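There are 2 protein chains.
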Amino acid sequence: MPLAPADDALADTLRPLLPDDTLRRAEPRYLEEPRGRWQGSSAWVALPRSTEDVAAIVRHCAGKRTGIVPYGGGTGLVGGQIAPEGQPLLLSLERMTAIRATYPEENTLVAEAGAILSDIHDTAEAMDRLFPLSLASKGSARLGGLLSTNAGGINTLRYGNARNLVLGLEAVLPDGSVWHGLRRLRKDNTGYDLRHLLIGAEGTLGVITAASLALSPRPAATGTAFLAVSSPRAALDLLALARDQLGETVSAFELIHRQGLDFLAAELPDIRRPWETPPEWCVLIEIGLGRGADPVAALETLFAEALDQGLSDDGLIASSETQAQQFWDVREHIPEANRRIGSISSHDISLPLSAIPDFIVDATQALNAIGSFRINCFGHLGDGNLHFNVFPQDGQTRADHAHQREAIKSCVHDLTHGMGGSVSAEHGIGRLKTDDMTRYTDPAKLAAMRSIKTALDPAGIMNPGAVLP
Amino acid sequence: MPLAPADDALADTLRPLLPDDTLRRAEPRYLEEPRGRWQGSSAWVALPRSTEDVAAIVRHCAGKRTGIVPYGGGTGLVGGQIAPEGQPLLLSLERMTAIRATYPEENTLVAEAGAILSDIHDTAEAMDRLFPLSLASKGSARLGGLLSTNAGGINTLRYGNARNLVLGLEAVLPDGSVWHGLRRLRKDNTGYDLRHLLIGAEGTLGVITAASLALSPRPAATGTAFLAVSSPRAALDLLALARDQLGETVSAFELIHRQGLDFLAAELPDIRRPWETPPEWCVLIEIGLGRGADPVAALETLFAEALDQGLSDDGLIASSETQAQQFWDVREHIPEANRRIGSISSHDISLPLSAIPDFIVDATQALNAIGSFRINCFGHLGDGNLHFNVFPQDGQTRADHAHQREAIKSCVHDLTHGMGGSVSAEHGIGRLKTDDMTRYTDPAKLAAMRSIKTALDPAGIMNPGAVLP
Numbered sequence: 001m002p003l004a005p006a007d008d009a010l011a012d013t014l015r016p017l018l019p020d021d022t023l024r025r026a027e028p029r030y031l032e033e034p035r036g037r038w039q040g041s042s043a044w045v046a047l048p049r050s051t052e053d054v055a056a057i058v059r060h061c062a063g064k065r066t067g068i069v070p071y072g073g074g075t076g077l078v079g080g081q082i083a084p085e086g087q088p089l090l091l092s093l094e095r096m097t098a099i100r101a102t103y104p105e106e107n108t109l110v111a112e113a114g115a116i117l118s119d120i121h122d123t124a125e126a127m128d129r130l131f132p133l134s135l136a137s138k139g140s141a142r143l144g145g146l147l148s149t150n151a152g153g154i155n156t157l158r159y160g161n162a163r164n165l166v167l168g169l170e171a172v173l174p175d176g177s178v179w180h181g182l183r184r185l186r187k188d189n190t191g192y193d194l195r196h197l198l199i200g201a202e203g204t205l206g207v208i209t210a211a212s213l214a215l216s217p218r219p220a221a222t223g224t225a226f227l228a229v230s231s232p233r234a235a236l237d238l239l240a241l242a243r244d245q246l247g248e249t250v251s252a253f254e255l256i257h258r259q260g261l262d263f264l265a266a267e268l269p270d271i272r273r274p275w276e277t278p279p280e281w282c283v284l285i286e287i288g289l290g291r292g293a294d295p296v297a298a299l300e301t302l303f304a305e306a307l308d309q310g311l312s313d314d315g316l317i318a319s320s321e322t323q324a325q326q327f328w329d330v331r332e333h334i335p336e337a338n339r340r341i342g343s344i345s346s347h348d349i350s351l352p353l354s355a356i357p358d359f360i361v362d363a364t365q366a367l368n369a370i371g372s373f374r375i376n377c378f379g380h381l382g383d384g385n386l387h388f389n390v391f392p393q394d395g396q397t398r399a400d401h402a403h404q405r406e407a408i409k410s411c412v413h414d415l416t417h418g419m420g421g422s423v424s425a426e427h428g429i430g431r432l433k434t435d436d437m438t439r440y441t442d443p444a445k446l447a448a449m450r451s452i453k454t455a456l457d458p459a460g461i462m463n464p465g466a467v468l469p
Numbered sequence: 001m002p003l004a005p006a007d008d009a010l011a012d013t014l015r016p017l018l019p020d021d022t023l024r025r026a027e028p029r030y031l032e033e034p035r036g037r038w039q040g041s042s043a044w045v046a047l048p049r050s051t052e053d054v055a056a057i058v059r060h061c062a063g064k065r066t067g068i069v070p071y072g073g074g075t076g077l078v079g080g081q082i083a084p085e086g087q088p089l090l091l092s093l094e095r096m097t098a099i100r101a102t103y104p105e106e107n108t109l110v111a112e113a114g115a116i117l118s119d120i121h122d123t124a125e126a127m128d129r130l131f132p133l134s135l136a137s138k139g140s141a142r143l144g145g146l147l148s149t150n151a152g153g154i155n156t157l158r159y160g161n162a163r164n165l166v167l168g169l170e171a172v173l174p175d176g177s178v179w180h181g182l183r184r185l186r187k188d189n190t191g192y193d194l195r196h197l198l199i200g201a202e203g204t205l206g207v208i209t210a211a212s213l214a215l216s217p218r219p220a221a222t223g224t225a226f227l228a229v230s231s232p233r234a235a236l237d238l239l240a241l242a243r244d245q246l247g248e249t250v251s252a253f254e255l256i257h258r259q260g261l262d263f264l265a266a267e268l269p270d271i272r273r274p275w276e277t278p279p280e281w282c283v284l285i286e287i288g289l290g291r292g293a294d295p296v297a298a299l300e301t302l303f304a305e306a307l308d309q310g311l312s313d314d315g316l317i318a319s320s321e322t323q324a325q326q327f328w329d330v331r332e333h334i335p336e337a338n339r340r341i342g343s344i345s346s347h348d349i350s351l352p353l354s355a356i357p358d359f360i361v362d363a364t365q366a367l368n369a370i371g372s373f374r375i376n377c378f379g380h381l382g383d384g385n386l387h388f389n390v391f392p393q394d395g396q397t398r399a400d401h402a403h404q405r406e407a408i409k410s411c412v413h414d415l416t417h418g419m420g421g422s423v424s425a426e427h428g429i430g431r432l433k434t435d436d437m438t439r440y441t442d443p444a445k446l447a448a449m450r451s452i453k454t455a456l457d458p459a460g461i462m463n464p465g466a467v468l469p
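Respectively, the protein sequence lines represent chains A and B.
Quick note on numbering: the first sequence equals residues 1 to 469 in full-length UniProt numbering.
Quick note on numbering: the second sequence equals residues 1 to 469 in full-length UniProt numbering.
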């Protein structure tokens, strides 16, 4: 049975149940997404101010069999926030931005789903704590979306994915009931872990309205370095060496190919580059140490040993916070340079660490058999997470290669899957990767997912078309 | 519709589907549990050698609507491994003990569900890595049970609960299908997180047959200390101080009340006690530092500052591994001393850290209104996890207080729940706490749990009577 649209008639029945000005016509900004691939079909957006408002909206839509698309910062890269058909109601959490409470002695805070990540960072910092989830869109991404997609980012190596930072959730389930699960406990074994089921479900099993978040101690001293490496294999050996010397204090370990630095030089020349003539491969390392430790000395020791072992022959250690920020600017602007060049096909994949060197060789060879491309391979090597993105040669455009796009994607994804990897490491499934998920997911898992979806959302109103179409 | 028993007729139809000697009559050891509270009703135990065997057993039982109780090391404290009625088939994973593979450069190993925790420790150590999950029953607890109950233990503060150490699972679902989910990825956002749903489900949603486990670097140097503290509040302040000075390197922070040391002196006099005249409260701290660091010096610095701040006036820092082991022996033998004394009611609870001092005062007062008891309060303070156990006065027995048991339990659990705590921090629900779960769990969560259980196990064959009776 198809869902009913969130049309003017639906709006007229919903409006009286909500405070004034909760429902608005959906402005164009809600109907776009960063990849420019889809145009949303929604006519109305609901802007609730409270969990009770969210519950009233979901309850009403459940009764009317009307779809709902939860909307956070709109920064998702797989179309989870956009419904190109069916005219579901957009449910934006942007008014629910409160930090409800802070508990410094528990290393915890409770934030609403609309809170922007960088505001949560600031709150944690004011508590002399760290909320370690961090990614390029931190200035606009909202907590609910970050949790619903189980966001990854640059500090996963040390602190885990978004799901690892959540102690409790408050959420509105597909029948409009409210799960009051904002516990602040490090141990709680009372029944099934609904928290981890909602995290990463991309809004298809309910709407996260608030979360209690685990904070970490702030490292007393941070060190940042660019080290040239001779190959991805050398980068992995360097990672092992770094963890051997520095244990869990290695908080980021990013692999960067020269192609990314070249794109940056061409498209964003104001970003200061680490090398005039960049090496083919380099890594950006960040370490966060305890009190009394000297991060520059630690990185120098690491580099000296890497030099001895032939893993690196050139390195730059940031001598100031400004310089460290410049290093990070390089890394964080590569996606923007990519966007300006225009990829033919982008791949957010993860692999078992030991498979990465072979993967890069094999995937490059396989793509050469399809055509002539520029490959920008970069990403969170410490997590086995590569952004393996394929671009046209200089002078050509992505449109010139439109006919090869599917072949490129299948080539990369088949290889990834064959090596035990994932075709969506950190971006999720959304609407972009539903076919990939069906193709590569274990059948027993897929059947279980469908059973769970049907059990919790029998009418299929929550984010229809996403994850499980 | 009631389930069919796993009687001789069932055994006769199942036997031909399995390798020889897979089915045996259930010996008495399978029908007992550590608390001596229940006697199992099962007549048959299946001892599969492979995942395929497990799948054949589950498929057959699903067809016959026969219950299955997965059985690990039998060490669970809430009766999850014992079925006092209905005569379900016991499914013991004890023959599936293989470490299937090790991946030192990925900090990963893959182990079968029957592997004993201490064997996994040894394997990790041989790889120069650490599998940090540790608890008193490590010599007999098996991986499948540890994951199915999301075991906690002494290192949760630093490394998280069991669920945080699992990268992937292989499991047989209630219809007998096999989920091949043994991924070794740090990031994988392809659909709902079935892994976290099975972990902590206590065998009610399927049988875990193997897991890929995340290992950690081994700390280069470990330090252990007993510090006397003036109160639980002072213990919390000391924890904050320790984390401020030592960051995430604080790997254990155990609170111990004098009552536990007195029980130890009375029941297990061979265990060397840290003090001749113990303080009312003390903490056992363990730190694990990186290369080149001096843990004794770090603990001395901590103690000096604690002394300055009036948090501690006496401390013992282990000067050798032998002494550190003696310190841990004290902590790890308290449960055995408790067993010998015989508690009236034991409580495995967790609380928000900031609520703990008030809880201890309030709970003690409330119990005084019920009767005259000895309270042994100890546990993993760093995780907010207390074992708040109530004993008869010297000269009385637990039987003398049988009429007060329910009142004691309700008193402790109501207070815990009222302060935002959990009535099962690390032991799970099993069969002991199903009423508590129904009473204290948020109704929306409970309804979602029931929906999920029905969706994945419509006949209710998996561990019938546990978690959701």
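No wet-lab data here; the hints were simulated from the structure.
Every value quoted in this text rests on a predicted model; they were computed, and no experiment measured them.
All residues carry an ideal CB built from backbone N, CA and C; glycine is no exception.
Treat the hints with care, since some could be wrong.
[What the hints assert, rightly or not] Label-pair restraints from in silico Cβ distances:
#1 A:Q396 <-> B:D128: 46 to 52 angstroms
#2 A:R100 <-> B:L241: 26 to 32 angstroms
#3 B:T454 <-> A:P28: 31 to 37 angstroms
#4 A:R100 <-> B:R37: 56 to 62 angstroms
[Stated by the list, open to error] Some, not all, of what chain B presents toward chain A, calculated at C-beta under 10 angstroms:
#5 A151
#6 R158
#7 L173
#8 T190
#9 H196
#10 T222
#11 L246
#12 P269
#13 R273
#14 G382
#15 S424
#16 K453
#17 V467
#18 P469
Hints, verified against the model:
A hinted range of 46 to 52 angstroms for the beta carbons of Q396 (chain A) and D128 (chain B) is consistent with their spacing of about 49 angstroms. Checked against the hint of 26 to 32 angstroms, the C-beta distance between R100 (chain A) and L241 (chain B) comes to roughly 27 angstroms, which is consistent with it. Between T454 (chain B) and P28 (chain A) the beta carbon distance is about 43 angstroms. The supplied range of 31 to 37 angstroms is therefore violated. Taken as a hint, the range 56 to 62 angstroms is violated for the pair R100 (chain A) and R37 (chain B), whose Cβ atoms sit roughly 41 angstroms apart.
A hinted interface residue such as A151 (chain B) counts as satisfied when its beta carbon comes closer than 10 angstroms to some beta carbon of chain A; here the least separation is about 9 angstroms, so the hint holds. A hinted interface residue such as R158 (chain B) counts as satisfied when its beta carbon comes closer than 10 angstroms to some beta carbon of chain A; here the least separation is about 9 angstroms, so the hint holds. Taking 10 angstroms as the C-beta cut-off, the interface hint given for L173 (chain B) holds, the closest approach to chain A being about 6 angstroms. Taking 10 angstroms as the C-beta contact cut-off toward chain A, the hint placing T190 (chain B) at the interface holds, the least distance being around 5 angstroms.
For H196 (chain B), the interface hint holds, the least distance from its beta-carbon to any beta-carbon of chain A being 3 angstroms, beneath 10 angstroms. For the restraint placing T222 (chain B) at the interface with chain A, the shortest Cβ-Cβ distance is roughly 12 angstroms, beyond the 10 angstroms limit, so the hint is violated. Among the interface hints, the one on L246 (chain B) holds; its C-beta lies about 6 angstroms from the nearest C-beta in chain A, closer than the 10 angstroms criterion. Interface hint status for P269 (chain B): violated, as the beta-carbon distance to the closest one in chain A is roughly 32 angstroms, over 10 angstroms.
Taking 10 angstroms as the C-beta contact cut-off toward chain A, the hint placing R273 (chain B) at the interface is violated, the least distance being around 28 angstroms. For G382 (chain B), the interface hint holds, since its Cβ comes within 10 angstroms of a Cβ in chain A; the closest pair sits about 8 angstroms apart. For S424 (chain B), the shortest C-beta to C-beta distance to chain A is roughly 5 angstroms, which falls under 10 angstroms, so the interface hint holds. Checking K453 (chain B) against chain A by beta carbon gives a least distance of about 8 angstroms; that is within 10 angstroms, so the hint holds.
Taking 10 angstroms as the C-beta cut-off, the interface hint given for V467 (chain B) holds, the closest approach to chain A being about 6 angstroms. Because the beta carbon of P469 (chain B) sits about 12 angstroms from the nearest beta carbon in chain A, more than 10 angstroms, this interface hint is broken.
In this structure, the hints that do not hold are numbers 3, 4, 10, 12, 13 and 18, in rising order.
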